[in-house]
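*Asks:* Sequence:
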Amino acid sequence: FGFEFGFERFTEQAINAINFARNEAARLQNSQVEPEHLLAGLLADPTTTSARLLQTNGVTPDIETNEHSFDFRENLKFSPQ
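In terms of the working numbering, the sequence shown opens at residue 1 and continues consecutively.
Among the hints, a few may not be true.
Ranges of calculated distance between the beta carbons of each label pair, as one might list FRET restraints [said to hold, decoys possible]:
(1) Pro35 / Thr11: 18 to 24 angstroms
(2) Asp62 / Gly6: 27 to 33 angstroms
(3) Gln29 / Arg52: 26 to 32 angstroms
Hints are computed from structural coordinates only; laboratory data are not their basis.
Remember, it's a predicted structure, so these values are computed and weren't measured experimentally.
Using N, Cα and C, we set each Cβ at its ideal position, and we do this for glycine too.
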């Protein structure tokens, strides 16, 4: 999966999301993986629970993954705690 160690307990879907995030960061010429890259990784496979949950709350894969246009927070609603 592209990792030497430390991800043995991750599901295949989680590893795929992380790999997608790493590739997205590289594609955008970012030297590190940022939260927006991880979010893009979570949305990359629409069959996952995380993607369905995010899409239900208005976060869609068509959001651009760069720091200037990526603001998903305004679409998320949180229950009071």
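*Asks:* Look at each hint and say if it fits the structure.
*Replies:* Going down the list of hints, with the structure as the test:
With their beta carbons about 20 angstroms apart, proline 35 and threonine 11 fall inside the hinted range of 18 to 24 angstroms. For the pair aspartate 62 and glycine 6, the supplied restraint of 27 to 33 angstroms holds, since their beta-carbon distance comes to about 32 angstroms. Checking the proposed 26 to 32 angstroms range against glutamine 29 and arginine 52 shows it holds: the Cβ atoms sit about 30 angstroms from each other.
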